[in-house]
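4 protein chains.
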Amino acid sequence: MTEALATTARLLITCPDRPGIVAAVTGFLYAHGANINTLDQHTTDPEGGTFFMRLEFQTPHLDLSRPALEHAFAEVVAERFAMDWRIAYAADRKKTAVLVSRHEHGLMDLLWRWVRGELYTDISMVISNHPDWREAVESFGVPFHHIPVDSASKEEAEQQMLELLDGQADLVILARYMQILSPDFVAAFPQRIINIHHSFLPAFAGADPYRQAAERGVKLIGATAHYVTAELDAGPIIEQDVIRVSHRHTTADLKALGRDIERQVLSRAVKWHLEDKIIPFANQTVVFT
Amino acid sequence: MTEALATTARLLITCPDRPGIVAAVTGFLYAHGANINTLDQHTTDPEGGTFFMRLEFQTPHLDLSRPALEHAFAEVVAERFAMDWRIAYAADRKKTAVLVSRHEHGLMDLLWRWVRGELYTDISMVISNHPDWREAVESFGVPFHHIPVDSASKEEAEQQMLELLDGQADLVILARYMQILSPDFVAAFPQRIINIHHSFLPAFAGADPYRQAAERGVKLIGATAHYVTAELDAGPIIEQDVIRVSHRHTTADLKALGRDIERQVLSRAVKWHLEDKIIPFANQTVVFT
Amino acid sequence: MTEALATTARLLITCPDRPGIVAAVTGFLYAHGANINTLDQHTTDPEGGTFFMRLEFQTPHLDLSRPALEHAFAEVVAERFAMDWRIAYAADRKKTAVLVSRHEHGLMDLLWRWVRGELYTDISMVISNHPDWREAVESFGVPFHHIPVDSASKEEAEQQMLELLDGQADLVILARYMQILSPDFVAAFPQRIINIHHSFLPAFAGADPYRQAAERGVKLIGATAHYVTAELDAGPIIEQDVIRVSHRHTTADLKALGRDIERQVLSRAVKWHLEDKIIPFANQTVVFT
Amino acid sequence: MTEALATTARLLITCPDRPGIVAAVTGFLYAHGANINTLDQHTTDPEGGTFFMRLEFQTPHLDLSRPALEHAFAEVVAERFAMDWRIAYAADRKKTAVLVSRHEHGLMDLLWRWVRGELYTDISMVISNHPDWREAVESFGVPFHHIPVDSASKEEAEQQMLELLDGQADLVILARYMQILSPDFVAAFPQRIINIHHSFLPAFAGADPYRQAAERGVKLIGATAHYVTAELDAGPIIEQDVIRVSHRHTTADLKALGRDIERQVLSRAVKWHLEDKIIPFANQTVVFT
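Protein chains in written order, with the working numbering: chain A, 2 to 290; chain B, 2 to 290; chain C, 2 to 290; chain D, 2 to 290.
Treat the hints loosely; a few may be bogus.
What the hints assert, rightly or not - Here chain C is said to cover these stretches of chain B; the calculated rule only asks that three of the stretch's residues, wherever they fall, bring their Cβ under 8 Å from a Cβ of chain C:
(1) 122-136
(2) 202-212
Claimed, not checked - Far from chain D by the CB rule (all over 12 Å, computed), these chain A residues:
(3) L65
(4) A73
(5) D93
(6) A189
(7) T252
What the hints assert, rightly or not - With a Cα cut of at most 25 Å, we get these calculated DSS-like pairs of lysine-lysine:
(8) D:K96 / B:K278
(9) D:K96 / D:K278
(10) C:K256 / A:K278
Calculated from the structure, these hints are not laboratory results.
Beta carbons are placed, not taken as given, at the ideal position from N, Cα and C, and that holds for glycine.
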């Protein structure tokens, strides 16, 4: 970790928009010795809309401890503006678990970026309903758990996973995990499960989107990273991208081209989540890139 | 028209794939003095699939008249391979009619490209259910017909349009024409009506796709040009494109950004149609660009 | 003009970065009744770098007149932080002049967007060294001046243009104006001349970039909008975009494809300039889109 | 290898364009039992230009052995049209060597795609002037050779490499190999060395292109895969791509974003080379994708 990262804090705010918010927040931080590096804000409507803000600041010259700063912020600023807020410290590395089935390209891309230092996280484990990727995963020094799932064992399998993940997953990544998670499982990780779906949602939700795309004869195929909610493929979209295709491409070609898009879309979404750049709102996301 | 275009012919073929097609077609053309400029071919499967071919050739040294050439081709080649085929001569300029409602950006872009010589066609008329664009259209020397439509008058309006279009429209372009055409009207112009839909189909079919896109929180918006069939927004896709958007964009912003994509997607599809580069097949298109 | 635009002001700031700037600026505006809609900031380096900020705020509830507000800001905030700053009021519509030679696609696209209300400016005149586009320009109600240029008359022609432009051009757009402007002319409009160059700069600066691109065999062609400086094609870049090409495209094809990219890149750059979203810095631009 | 690939042959032709080429080639192949899967052709000018063709055909029903077929083609067709031609058999897997320096992302991406079966080749070795990637490379079962290079040892190092590569490299990939190869070395692998350059050539040739890009303030950065010739970064371009950047991106950010573009551009170029889809011509390439 660079020195800068060791002392970086991120303040994320959602509140009703009204005059004076930016002045109050930046004035508070300045008064307590925080040095703001970046500030992004967004409002759905200056009159009666919702206001979002993300600040990244340096902590070395703070005149308060972390808890005291948070306590003061709550009392002096947050309450006055009815803020939903949190401060994340970059030094508190998030724990990430990856779930995968047979298609490993997303998983391997994440592991590869992680060892290169592109993703600042601790990958605590990989869980799969297939045994295939044990050796590949363990070669990165990451624990691998094989938890088979069939219709009879599904509830038990989820229970096993929840036990493994307990305290070990600030973020759960579904890198082509092809089992549908129960609403209870999803509820255990609110806005903390990221799925990569291999289509440009809302087109081709559900099974086998590349085959659907080939049948519909679309001229672009895409991928979508989104937070998982109880409704399949319907959660807040974080990132999407597409690539041009033509009549020359078979379903197999679409899958091969799509893998590259999936890898990039997933890795961007994960990186933004780890860097606290995403604020989910209603069924959408504000992404301060 | 350049001299080359005056003597350009295009042969389009669809047939069951089997060995010897290319040799038979090119051998026939060579034997009769046709000089092939471009040849594109595609097969859905070399074993039992469907074969598509487009040849562009020069006619000055043909040893047969056009009718004789076509007759000979039918007898010598087409019958043997059970071909669905046609020859289009570039000099036979296609007639195009444009239908539009309140949003004129697609219409104006087509007219502007047309006067610049980018679209090789005769624009025979513009029909609108609103009177707004008469002056703009007539300034291009193109006849404008205002045919109002309401639920009571719809059948009569379509009848009026059919009379106007009779013999005047090898191609009908729906440049944001917001009335749904009856199956009978559509059947009068099989694979000859191109619609621009302001979304990345099959996402956001139907009304108000930019609002739908804003509500779903997608990170890219798009446009789709397709042949019109009896089922709304479900015909063979010719061309699609997208542009990146974010939480910062309101529905109004999406509309403004989308206009540029719509203009480009529609003009490409129209140009390809006019140049006989598209072969519809099942509910898809083979586009030899 | 919408009511919101009538009361919109934009504050642009460049200064050495140090703690407290955002708090001071937003605190000042809040104290005087300005309601901030959007705030963007950027720093080249929090330690000793240069800081940039753009705020858009509403003026209806200001407790000071415009001059008094500006005076107070200078005294209370700007001096303390050694700011280079300006406030632009959206209601003060900028005057724009367009210079063009033989290729009119950029000019026509600007005029077309302008009449649609997409570009909030007064187009005061079009100047061309060719007489060709007089009728097209005048049909938009815009004055057209034909000022021929040859090597002997160049100085005199520029003098004529400067007289016409005097007080009539907050922005000068070179929409494919193929004469090289003298350093004196350029100096009369610092950071107020936007040129569209038909390549992806710094590749293919100078004459005939599409021919250069065809000869080099590049797989993408592009366009670049930049502020004009004394050095040809070397000023601060505002916007760029590209489109994919292949061996199939002749130089003529590249020109046709390039026109669409040029139109979009130029119109984006002009729109951003008119909305005070660009801060030039050294030989670069900060663009707060 | 799929059964289809085992029996796939590819015929590549370059010759002066004149009537009858396609008929002669396809007639010849049909007569000898070759079943054509795909046919692509291109001409720089139907009158006196250069003609390019690529055919992919199936060999199971050939009535001649490979040598006899080639002999017959030379006599019956190639000589008549003054063709430069070759037939490649997919079953004859090409041997590939990769050269790399400190930046391993291109190398690792190639190895990863290779083990997945995306690149149909035998990777015979990796050579590096640094020892760093030995373990990573050997874990893929690929031999690794460390050949240090400094100004004094350069000639000797190239000699060592040539000995290692002798008979082992139908293709040499420079995956961020930062030593300039001598004209003699390059001449040993005509049109068989592919380099990935980390800019959109011809912009930012030479050293440190991301720093150059940051200094010039471009709004897109790119990567270029090209065949290596004696002149640095000036050989025929195979593939290019770009990604959007802004003032927010430091040189370090450009490098991180650029890595993804480099990986994709390089892997596409390598795949096309391995599938005999590229015909170099003058200083350009015809790529039949």
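*Output the numbers, in ascending order, of every earlier hint that fails for this structure.*
Those not satisfied are hints 1, 2, 8, 10.
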